[in-house]
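Top to bottom, those sequences are chains A and B.
So the first sequence is numbered by our numbering: it starts at 2 and just counts up by one.
So the second sequence is numbered by our numbering: it starts at 3 and just counts up by one.
Take these hints with a grain of salt, some might be off.
Said to hold, decoys possible - Listed below are the simulated DSS-like cross-link pairs for lysine-lysine, each with C-alpha atoms no more than 25 Å apart in a straight line:
(1) A/K287 to B/K77
(2) A/K194 to A/K293
(3) A/K296 to B/K67
Claimed, not checked - Listed next, with one range per pair, are the computed distances between beta-carbon atoms:
(4) B/I84 to A/P352: 52 to 58 Å
(5) A/K541 to B/I18: 47 to 53 Å
(6) B/N34 to A/V177: 32 to 38 Å
(7) B/P46 to A/A229: 50 to 56 Å
(8) A/W472 to B/H87: 52 to 58 Å
(9) B/S25 to A/P562: 24 to 30 Å
Hints in this document: simulated from the structure, not taken from any laboratory.
The beta-carbon is built from N, C-alpha and C at its ideal position, and this holds for glycine as well.
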Amino acid sequence: MLKGTDIIVKALKEEGVDTLFAYPGGQAIDIFDALYDQSDIELILPRHEQALIHAADGYARSTGKVGVCLVTSGPGATNLVTGIATANYDSVPLVCITGQVSLGLMGNDAFQEVDIVGITNSICKYAVTVRTREELPRILKEAFYIARTGRPGPVVVDIPKDIQQAMGSEEYPAEVSIRGYKPNEGVHIGQIKKAAAMLKKAKKPLFLIGGGVNISGANEQMRLLAEATRVPVITTIMGRGAIPTSHELYMGNIGIHGSYAANHAVAECDLLFSIGTRFNDRITGKISEFAKNAKIVHIDIDSASISKNIVVDIPIVADAKIAIEKLIEYIPEMKTNKWTEQVQAWKKEYPIHMKQYEGLTPEKVIQYINENFTHPIITTDVGQNQLWATQYIALESNRQFLTSGGLGTMGYGFPAAIGAKLGNPDRPVIAISGDGGMQMNIQELATAVTLELPLILIVFNNGYLGNVRQWQEMFYNKRYSSTCLTYRRSCQKNCMDAEKCCPKYVPDFVKLAESYEAYGIRITREEEIAQAFAYALEHKHAPTIIECVIEREANVLPMVPVGKALDEMILDC
Amino acid sequence: METKKRYISLYVENRIGVLAKISGLLAGKSYNLDTLTVGETEDPTVSRMTIGLTIDDITFEQVKKQLNRCVVVIKVIDISEIPIHKKELLFIKVSSCSEKDKAEIFRIAQAFALEIIDYDRSHVMVQCVKTECANNDMIALFNKTFVNRIEVVRGGSVAIEAISSQDQ
Numbered sequence: 002m003l004k005g006t007d008i009i010v011k012a013l014k015e016e017g018v019d020t021l022f023a024y025p026g027g028q029a030i031d032i033f034d035a036l037y038d039q040s041d042i043e044l045i046l047p048r049h050e051q052a053l054i055h056a057a058d059g060y061a062r063s064t065g066k067v068g069v070c071l072v073t074s075g076p077g078a079t080n081l082v083t084g085i086a087t088a089n090y091d092s093v094p095l096v097c098i099t100g101q102v103s104l105g106l107m108g109n110d111a112f113q114e115v116d117i118v119g120i121t122n123s124i125c126k127y128a129v130t131v132r133t134r135e136e137l138p139r140i141l142k143e144a145f146y147i148a149r150t151g152r153p154g155p156v157v158v159d160i161p162k163d164i165q166q167a168m169g170s171e172e173y174p175a176e177v178s179i180r181g182y183k184p185n186e187g188v189h190i191g192q193i194k195k196a197a198a199m200l201k202k203a204k205k206p207l208f209l210i211g212g213g214v215n216i217s218g219a220n221e222q223m224r225l226l227a228e229a230t231r232v233p234v235i236t237t238i239m240g241r242g243a244i245p246t247s248h249e250l251y252m253g254n255i256g257i258h259g260s261y262a263a264n265h266a267v268a269e270c271d272l273l274f275s276i277g278t279r280f281n282d283r284i285t286g287k288i289s290e291f292a293k294n295a296k297i298v299h300i301d302i303d304s305a306s307i308s309k310n311i312v313v314d315i316p317i318v319a320d321a322k323i324a325i326e327k328l329i330e331y332i333p334e335m336k337t338n339k340w341t342e343q344v345q346a347w348k349k350e351y352p353i354h355m356k357q358y359e360g361l362t363p364e365k366v367i368q369y370i371n372e373n374f375t376h377p378i379i380t381t382d383v384g385q386n387q388l389w390a391t392q393y394i395a396l397e398s399n400r401q402f403l404t405s406g407g408l409g410t411m412g413y414g415f416p417a418a419i420g421a422k423l424g425n426p427d428r429p430v431i432a433i434s435g436d437g438g439m440q441m442n443i444q445e446l447a448t449a450v451t452l453e454l455p456l457i458l459i460v461f462n463n464g465y466l467g468n469v470r471q472w473q474e475m476f477y478n479k480r481y482s483s484t485c486l487t488y489r490r491s492c493q494k495n496c497m498d499a500e501k502c503c504p505k506y507v508p509d510f511v512k513l514a515e516s517y518e519a520y521g522i523r524i525t526r527e528e529e530i531a532q533a534f535a536y537a538l539e540h541k542h543a544p545t546i547i548e549c550v551i552e553r554e555a556n557v558l559p560m561v562p563v564g565k566a567l568d569e570m571i572l573d574c
Numbered sequence: 003m004e005t006k007k008r009y010i011s012l013y014v015e016n017r018i019g020v021l022a023k024i025s026g027l028l029a030g031k032s033y034n035l036d037t038l039t040v041g042e043t044e045d046p047t048v049s050r051m052t053i054g055l056t057i058d059d060i061t062f063e064q065v066k067k068q069l070n071r072c073v074v075v076i077k078v079i080d081i082s083e084i085p086i087h088k089k090e091l092l093f094i095k096v097s098s099c100s101e102k103d104k105a106e107i108f109r110i111a112q113a114f115a116l117e118i119i120d121y122d123r124s125h126v127m128v129q130c131v132k133t134e135c136a137n138n139d140m141i142a143l144f145n146k147t148f149v150n151r152i153e154v155v156r157g158g159s160v161a162i163e164a165i166s167s168q169d170q
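Excised from the complex, chain B in its bound form (with noise of 0.2 Å):
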């Protein structure tokens, strides 16, 4: 069956322990997770993840009834089709870099809105915040110009619905 990239966006009770809950709730059943983020939220009692998966029709609707019958979850809205803002944040530190590397890593963050957050005489860091797909596409870049010489670290994907109807 057809797969596509869908997102949830769930609260849950902010306790011990839940964070495993849910994240043992989808291995157990073998759905198979992309990202999954969580934080407080506005309510410290409450804490909200995003969670980000490529999954057929039939199974999604099984993983979201899944999630909505655990005691801990308060509420699960599927994000997939509605407008939202999504971003993720990703660091790319380049190693052994020299100065021409620097000018071009410059150069690749002046033209994709990179912040460069940290350099020495042989690195350079950048921080990236975009979609998921955006970052997979900077890490590629990156990969291709400086083989074998990045270090990626990425922190999955967090998204609020929108205000407007725009589609972010």
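Here chain A stands alone, though its shape is the one from the complex (with noise of 0.2 Å):
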């Protein structure tokens, strides 16, 4: 016979977890205990529950393995909510156990009780509440099968305290059967033949790969695939790294900040191959307009991802990789050098660049890493700093960066770039924030000072929510409310421009850093940026921010405006 607690610290060596990512609280305490005699699992303590998780979501993008939360009930369970939507948007594999008030005192709204379940029923994979002792083992073994095959997703598991205390089975299953759930593990052949024949009658193809082809490891395919058709490839957000940025047939990112020459290429192909992406509003601009000309291939392992925000001709639904290397057998000669030579001209005539800021930009630190790190990960925050890192980023492969692509959560790269390097010791590892994503979880130096990480923590500070301080500027004549992070009260009212008597930014970076026990630079030059990497690689157990003083007002081109059509881009303002 063995407590529950004991059974669930079973259940996580069996499944091979060697770091979780736990805050203690009431209902969770049995469990901590359990944990405290056992040497195969590293407990990393975060300072906040919303940066725990994004910490286990980095450590499981970056591994590829399940992501492992451990919090009390109440609010300990409600500060992962953020994390398990974000998880839930970009498919990454998360197993959360919440602790739950004794079986007797649930629906008593008793001290620290949330239904966490019903509260993330439409954010997570699956959501469930153990309710007998008996039944917690299968659960469990369920939990993290549910959460890393089909299309990966966090999975919720509520443990009250009473069945963590109960004595029961030892048995941990070898298998897992659930009558409901059972992911798609072959391709349909028939399928497959009709979008090689589809593709070999193409004139203008493209392939449009999404995060997909990152998640199930099909890198090395796709760039087979690219190579024997030389069909151009553009890629989502999420898909960026699919196949090398650098690759002759690589042409950017699509999108309203993608490429001019993906862009143009979807506005005019006359087949659109796509691979594991959702078709997300921020991908399709002007639904209308979008590929009007083209035929639509679309592989996604989740059929509901199908046909949802665009019709498609042939649908596959199967994993990218396996979808991938059948397609391989099938390829058609292709004879479409013309169209190819046509979007490589493109790529090449109307290049990303920040030419028209002077001084320190963010291209030229994101140049800087991309020529002097080998194979580093990258983590982002949400807004400017996102979007000039995944125009700029130079890729090599998949698990390379990590960003919130579906939910946008600000306050994500941080605490991802902690679980990252706790998955990649060996690895660089280099979180791209701007000033205030960075705030959403500073408290995570403690975290990261005391795990003595070596991360290079950048800071794009212009003092404004930039992002939406753009979008003021270009659609709302540009009355910034509530983006500037240098306001104070007693500043002039309807302020509109970044002025040099602005009040003192806060916090002070540097200092900050340092009352942490961190490292901290602050640069204003391009001639600084070496300096500034230099100084962060002499700290080798201690985290550095890099503060790099940006042009206050630069905003992220080209652009489409909403409601516009991909090829109606703003290149230049």
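Starting from the two chains in their separate frames, assemble the complex, guided by the hints.
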């Protein structure tokens, strides 16, 4: 016989969990007690549960393993909510174990009781309350299975305290069988043949690759497919890295901040061959104009993603890797060189750059990273910092670029970097944030310092919530409502300009880093970039903030205004 | 886009929270459901729902896919276009009835095969087991005949695939 908490520990070990992102509390204290005596699982104590789940998410995205969270009931559980939704959108496998009040107290509004299953039902892959000690091992087994198979996603397992304490079977099941959950493991050959035939007929085919290719690890197959057909490849933000960004057939990102070549290729192609993307509104622009000359093939593991936003001609429900491997067997001889050369010419003629801004720009900082780091892991926050990163970062493969693409969660980047570093201790990990998002989980400096993690934390500081400010500049007559982070009460109301006499920015990121016994350096000139990175690399056991003070009103361009077609891009303004 | 009435028969795990999960999913995706009934099946671990929606083709396809990807959903059957038996329970209580009203209610009951299941000096209660559509007609008839004097409760459609191919 084993206690409930001991079977939880056994389950974690059987599932190969070596890192547990955990924050204790009253209804999880028994599980923490059971974990105290074992040495196979390292407990990571972030300073806030939201950061905790983003760290688990960063760990999962960068390693491909299931990220595991353990928190207490009530506020411990509700603080996970944003992270659960973040992981759900981007198909990240997580198992979130939440403590719960005892069964007898449930429903009585007990101290720190919330219905976390009810709260998270619509933002996770599966959520369940364990109601008997007998079903605990089976539910844990199912949770890991559901999280990592099919289209991966977060699973919430809510465990009442009395079940944690109850004695029961020692057995942890080896097999799992869920009658309502059978992930697709094959591919329909007939559909693959039809898709190959359509590819053969196409004069202007285009591969549109989403995060599904990166998640299934089909990068090598994707490169082979592209090279064998010589069809140009574009990606969504989540698909970036599907083939190396330096590849001659890679034309950049599609979408509202995509490249000219990618967006124009979508507008002009006659076959859009898409793999592992949801056709989110951020990539389609005006939906009625999207790829309107094209037939559409759509491969996705999730049948609900197919024909949801755009109607497709050939749907194929399958894992990207399996589908691409099969497709390679049926690849036709392609004679589309002229088209490929045309898209390559666009790429050459209209590169993305920030040459309109002088001095220190995000582009130059990111180019420095591209030129000086080997296979780094990059995390981003959300906003301009993320968009610049997606435009300029060079990637070799998957699991290298972690960003909250679907939910767009500010505060994601820094804690995700902590998780990524824990999962990849030998690789450089760089978080790219803005000054706004960095402050959303700034308390994690304590976590990074105590874990002795040599993270490089880039903060692009423009003193604004820059992406919203950009929209206000472009579409709201420069009415900078609540986006200036240097604003003080004594400022003139309705200030529209960043002026030299603006109040001092707070916090002082360098002093803040120092107060946590981390390191900080502030740079304002292009010439200081190399020196700042050299400074950061000196610190082998502590994080370094590199605060890059950038042009306050720099914009992310090109841009497709909302409601416009992809080829109606603003290139300069 | 053109909408029409459709029905789904849904097998789900018979557990706490499953009804909330399904209704929450439909509400969260802004799918407007007309009726939803649920009850245990011959297997006590399984419940069966009958869901009625007025919906266009594309959205209906999405509904089915979204339901299918729920872990607690065992099977989704689109019964919109196949032979089924489909009935809804309806109670109508008529108040302030005169003798003449009662006679009229009994005549209606006879004409439309309704059952009188309860009455007293001034009330009559009618039970009607018909299709949702026929029940709509019954309610309209009573509403017209006994203005502001009726109370209605209805259960939503339950449906099952037909044995023979006759559409009921």
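| said: Need the list of violated hint numbers for this structure, in ascending order. | reply: 1, 9
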